[in-house]
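J.: Chain by chain, the residues:
Number of protein chains: 2
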Amino acid sequence: MGKYFIGVDLGGTNIAAGVVGDDHAVLARDKKKTKAAGGEERVIERIAKTVLGAIEAGEMDKSEIGGVGIGAPGAIDIDKGEVINAVNLRWNNYPLADVLQKELDLPVTVDNDVNVGTWGEAVAGAGRKYNDMLGIFVGTGIGGGLVIGGDLYHGHHHTAGEIGHTVILGDAPKGRRTLENVASRTSTANLLKSLILSNHASALTEITDGDLDNIRSGALKRAYESRDPLTVEMLHQTAEYVGIAIANTLTLLSLPCAVVGGGVTEALGEDWLKWVRKSFKTHVFPHELDDCPILASELGDDAGVVGAADLARRRLA
Amino acid sequence: MGKYFIGVDLGGTNIAAGVVGDDHAVLARDKKKTKAAGGEERVIERIAKTVLGAIEAGEMDKSEIGGVGIGAPGAIDIDKGEVINAVNLRWNNYPLADVLQKELDLPVTVDNDVNVGTWGEAVAGAGRKYNDMLGIFVGTGIGGGLVIGGDLYHGHHHTAGEIGHTVILGDAPKGRRTLENVASRTSTANLLKSLILSNHASALTEITDGDLDNIRSGALKRAYESRDPLTVEMLHQTAEYVGIAIANTLTLLSLPCAVVGGGVTEALGEDWLKWVRKSFKTHVFPHELDDCPILASELGDDAGVVGAADLARRRLA
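Respectively, the protein sequence lines represent chains A and B.
Heads up, the first sequence stops at 792 in the working numbering, and the numbers go up one at a time, no gaps.
Heads up, the second sequence stops at 792 in the working numbering, and the numbers go up one at a time, no gaps.
In isolation and in its complexed conformation, chain A is listed as follows (with noise of 0.2 Å):
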C-alpha cells in the first residue's frame, strides 16, 4: 500500500490534484481545465492526467499511491463511487468510480465536493478539534457539509448539508427566501448591479470600470474595504443572514461549532465574519449554544483535496 493518498478536487471549471502526506500536507499538484462540455470519458482522461501530473510534480511513483479521493458536485452515493445526478457536470448515475479506477488502476473512493471540503477542514483545518461541525462556504453558491459523530453525514438521499437552500425569508417573493438566493456573491452581485443602475452611488463603478456583470468577491472585497456605503449595508445584510443560517443548524443538530469559507469569506475576513458571528449569536437557542466558535476556515483553496484525500484513505488504505 502506498504512502500517499491523492485528493481531487472536481470542478465545473477546473479539476485540482494534491498528493497527501499522513500529516495532511500537500506535498505536489496539478490542474487543468474539466472541459464538461466534452463529455464524460473526455473529464475521466482529464482528470487521470491532473491525477498523474501531481504524481509526476512530486517525483514520485504511482506505487507510492494508495488511492484517490474525488470531490465531485452533486449529489454521490459514496458506496457505489456514482455521481447521482450533477447540474454543472450534466451527469446521471455516472459510476466515477468504477470508470477512474480502470482508467488510473488505481483505488478510487468519491463523495460530494462541499463534504471533502468540510471534512478537510474537519481533519486538518479549523475544525480538528471538534468531533462535530457544520462546514459552510458562501461564494458563488453556498453550500454546506455536516460531520456528526466523528463522520460525514450524508443522509437518507444522499444530499444532507443543503443549508444554502434552506429557507430563512418565508415571507419574501420565489426566488428570494433561501440562503443562497440572498446571500451568495451571485445574489449579492446582482442585487448591487440594480441598485447601482437604479442610480444609488457605490466605489463598484469605479473599482469595476463599469462592468456591473462582473462584481467578483475580488471587486467586494476592496469597496468593502475602503467601506463604500452601499457595499458595507449590503454584505453586513449578508453576514445577517449566514449567521440566521448557522444558528438555525446549530440550533436543530445541537453542533459545537461551525467553519466558514469560501470566495466570499475568504475575500472579506475577520472584518466581515464578525458580523456573521454577532447574528448566530442573536438567533441561536438555546443560550448554551452562544459560545459555539464561529470559526473562518484554514485550508482555503487546499480544503476539497485534503479532505478527499483523507477520505481515501480511510476509505482505501
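Careful: at least some of the hints might be erroneous.
Same chains, same label: a pair holds when it works inside one copy or across any pair of copies.
[What the hints assert, rightly or not] No farther apart than 20 Å at their CA atoms in a straight line, the calculated lysine to aspartate or glutamate pairs in the DMTMM-like style are these:
1. LYS668 to GLU708
2. LYS753 to ASP646
3. LYS555 to GLU763
4. LYS555 to GLU515
5. LYS756 to ASP646
6. LYS577 to ASP536
7. LYS649 to ASP765
8. LYS537 to ASP626
9. LYS506 to GLU578
The hints are simulated quantities; they were obtained by calculation from the structure and are not laboratory data.
Computed from a predicted model, the values in this text were never measured in an experiment.
Given chain A, work out where chain B should sit, using these hints.
T.: Chain B in isolation, oriented as in the chain A frame:
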C-alpha cells in the same frame, strides 16, 4: 427482569404513566397533576405515585416491571439521567434518574419529552417504516425530535431538535422570526385575538363566548371546520410556516420522512396537514425529496408514554 416497562410523560402541568407491553400496547395507566410549584421532592413523590398507580391499575406486581422511562421537559443528559435545565419545572442539573430510582427501587432512564414522543412515533407510530425521521409537534409551543440511523439524535449540548426556535422569517421584527413565534397555538391565538379586537369579524368571537384570551385547539378546530375566513387564512399561513420548517430540516439532513403531531395538528387533522404538505413540496430541495411522506402522528397523547417505555426497554433490559 420484568416483562413490562413503564413510560412516563412528565409535563409542567400533568404526569401521565403507562405500563407498556413488548408490542407497544399501553396496558394500564394513571395520571396526576405535577404540582411543580411544590418543588423537586414533591414532584418526585407524585411521579412515583403515578407510576405505582399505573401498576395497580393493571393489577400487576412491581416485580413484573423491568424499568421506567421518563420524558422530561428541557435539556437532558441521558447518560447521567440529569435534567440539565427545565424552565417550566424550574429544575437545574437535577439527577432525576438517580432520585427516582431510589424512590421506586426500579431502574430509570430519562430523555427529553419531545424526543420520547418522536421515538414513540418512530417505533410504534407513523414513522415505524423509517430508520430516519423528523418528529414535529405543533401545540402550545413547537418542538421537534430527530431519529438518525435508527437512534434518537441528541447533539453535543443535548438540545437537538429545537425546530420551533429556527428562524424562518429573518427580516421580521424580533418575536416574529422563529417557527414557534408564528405557528404555535399560542402565537396563532394571540394574533387572531388582536385581529378580532381590531374589528376583523370571526366566528371565534361566538365560539369562545367572547373570551378571546382562551382560544384553544378545540375552538380553532370548530372555527376552521366552519370555514371561518379569518381562522382559515391564519391556519393556512401557519401550515405554510410549518411546511417551510419541515422542508428546511429535510433539505439539511436529507431525511426520508416527517411525522407531525401535537394538539393543533390533532385538532385540525388531514384538512390542515395537506396545506403543510403543499408548503413542504414548494420549499424542499432537491427534487428527490419532493415525495417524502409528511405523516400525521398515530399515537396522539400516547406517543410519549410508548416512546419512554421503549427507551426503558432498550436501555435498561
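J.: Go through the numbered hints given earlier and state which of them the structure violates, listing their numbers in rising order.
T.: Failing hint: just 8.
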